[in-house]
Amino acid sequence: MNAIEVIDVTKSFGSVVAVDKISFTVEPGTVTALLGGNGAGKTTTLSMLLGLLLPSSGAISLLGQDMIRHRYRVLPRVNFSSPYVDLPHRLTVRENLTVYGHLYGVKGLKTRMADLCRDLDLVTLLDRPVGKLSAGQKTRVSVARALLNQPELLLLDEPTASLDPDTADWLRGYFQEYRGRTGATVLLASHNMTEVERMCDRVLIMKSGRIVDRGTPADLFARYGRDTMEEVFLDIARDRRRPDEPERGEP
Amino acid sequence: MILSIRRVAGLCLRHLYILRGSWLRMLEMAYWPLINVVMWGFTSQFLSHNSSWFAQAGGVLIAGALLWDVMFRGNLGVALSFLEEMWSRNLGYLSVSPLRPGEMVATILVMSFIRTMIGVMPAVLLAIPLYHFSLFSLGLPLLVFWTLLTMMGWATGLAVSAMVLRFGLGAESLAWVMIFAIGPLAGVYYPISVLPDWLQAVAWALPPAHVFEGMRAVMTEGVVRTDLMLSALALDLVYLALGIGLFLYAWHTARVRGALLNVGE
Chain A
1 MNAIEVIDVT
11 KSFGSVVAVD
21 KISFTVEPGT
31 VTALLGGNGA
41 GKTTTLSMLL
51 GLLLPSSGAI
61 SLLGQDMIRH
71 RYRVLPRVNF
81 SSPYVDLPHR
91 LTVRENLTVY
101 GHLYGVKGLK
111 TRMADLCRDL
121 DLVTLLDRPV
131 GKLSAGQKTR
141 VSVARALLNQ
151 PELLLLDEPT
161 ASLDPDTADW
171 LRGYFQEYRG
181 RTGATVLLAS
191 HNMTEVERMC
201 DRVLIMKSGR
211 IVDRGTPADL
221 FARYGRDTME
231 EVFLDIARDR
241 RRPDEPERGE
251 P
Chain B
1 MILSIRRVAG
11 LCLRHLYILR
21 GSWLRMLEMA
31 YWPLINVVMW
41 GFTSQFLSHN
51 SSWFAQAGGV
61 LIAGALLWDV
71 MFRGNLGVAL
81 SFLEEMWSRN
91 LGYLSVSPLR
101 PGEMVATILV
111 MSFIRTMIGV
121 MPAVLLAIPL
131 YHFSLFSLGL
141 PLLVFWTLLT
151 MMGWATGLAV
161 SAMVLRFGLG
171 AESLAWVMIF
181 AIGPLAGVYY
191 PISVLPDWLQ
201 AVAWALPPAH
211 VFEGMRAVMT
221 EGVVRTDLML
231 SALALDLVYL
241 ALGIGLFLYA
251 WHTARVRGAL
261 LNVGE
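First to last, the sequence lines map onto chains A and B.
full-length UniProt numbering puts the first residue of the first sequence at 1, with every later residue one more than the last.
full-length UniProt numbering puts the first residue of the second sequence at 1, with every later residue one more than the last.
Just to be clear, a hint being listed does not mean it is correct.
Said to hold, decoys possible - List time: in silico DMTMM-like cross-link candidates among lysine to aspartate or glutamate, alpha-carbon distance up to 25 angstroms: (1) A:Lys132 to A:Asp169; (2) A:Lys207 to A:Glu231; (3) A:Lys132 to B:Glu28; (4) A:Lys107 to A:Glu177; (5) A:Lys132 to B:Glu84.
Because the hints were derived from the structure by calculation, they are not lab data.
Starting from the given sequences, assemble the full structure and let the hints guide the process.
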């Protein structure tokens, strides 16, 4: 059973097609990147996977459950983190984690919170309001919230956006360690090439709402004759021909 | 629909943490009802010395002011509890948690009840030493009036929340003003019979008109009008069902439009 199955999913807003008939699967225990430029459809795709946004057509299943009809069966096993969604600023870190612990029905909540706060270096921040934390500290709190229920499937929207390189690097390491320890599946939407190269087993490249290429980072390097994901990305963004593609006019 | 008490309690905790952390918010909740009762109390005292009707029906204005605040605070409690999530841009995380829309509705209704009690109770208690008027002297009907007005406040608050979800935070001022459209038709300070005939028909379609007529019947005639209470209850159930339906529909359309992830100031 795949952790994620997306079949012919389209999302239109009036006459604008934000996501155009995409299909993909993500195997359990892997880290997959949705790579694409601004407006490529990454966040729209993640939103549909989570059920925040209803697709115009197509089918989505997470962990074997139909997300359109049986969303609430799977949500306790999934979580999500995004720098574009906030936690209540007036609540302290401890209060925020306690509230979400109750919403997810976390057993042994105090122990779980203590473990996460130790791992994510939040112990000294527990009684500070989230609104008074730095961007990096807020991201760590958001990650702690996302890992409270020990998700089998973790969806991350630009997880290291607005972080300094040191914190971003540390966070990538933490996600890799979490995946290694729990066998969780991770899907991350990003346009950070270093992140994708370092963390991901597979890459889905999106452009104008479509998946225009896919494969392991090594496959993509070989296919485009490039050494870095950034070069691959630029080839796709600028419609450069792949070396294995026939020239125009050739059969 | 299955509601989880654990999840409802968890989200209530989020609002209670905010209230606990801000005495200014608590003060703000009680402030207007206190001002209101002081103003209407003195008005009532003045009128009772100059009007035989008011002299006989002591406290009817104060009772009206206090019970109107029950409905107003019920409405505001619902709308503000929902707006808190939008102001804090937290709706995205709540929407991907196992919390169901029905549980969110249940939470904001519970929080509205708590906010109403915090807001109105100090004014109710202040009226006792200041004007020798106790709302509790209404007896058991007070509980019924309170419940019926709270239900109408909830229905209005849910309709406001649905509009905010649909039109964004630009519609938030509706939380404060929408319920006042009902005010002239509720008969808080005067009987419905003073309205023009065509407006009376509109007023009787609203639960508060029945409640405030019932309140005056208890206070001036010593009669408990169960017919008015039953008609108010029937209307309340219709309006509350409409309010809940509107909110859940707005939630569904927000999922179609993608509004749950991008709400905020």
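Going through the hints against the structure:
no.	hint	verdict
1	A:Lys132 to A:Asp169	23 angstroms, holds
2	A:Lys207 to A:Glu231	15 angstroms, holds
3	A:Lys132 to B:Glu28	24 angstroms, holds
4	A:Lys107 to A:Glu177	22 angstroms, holds
5	A:Lys132 to B:Glu84	18 angstroms, holds
The structure fails none of the hints (numbered hints given earlier).
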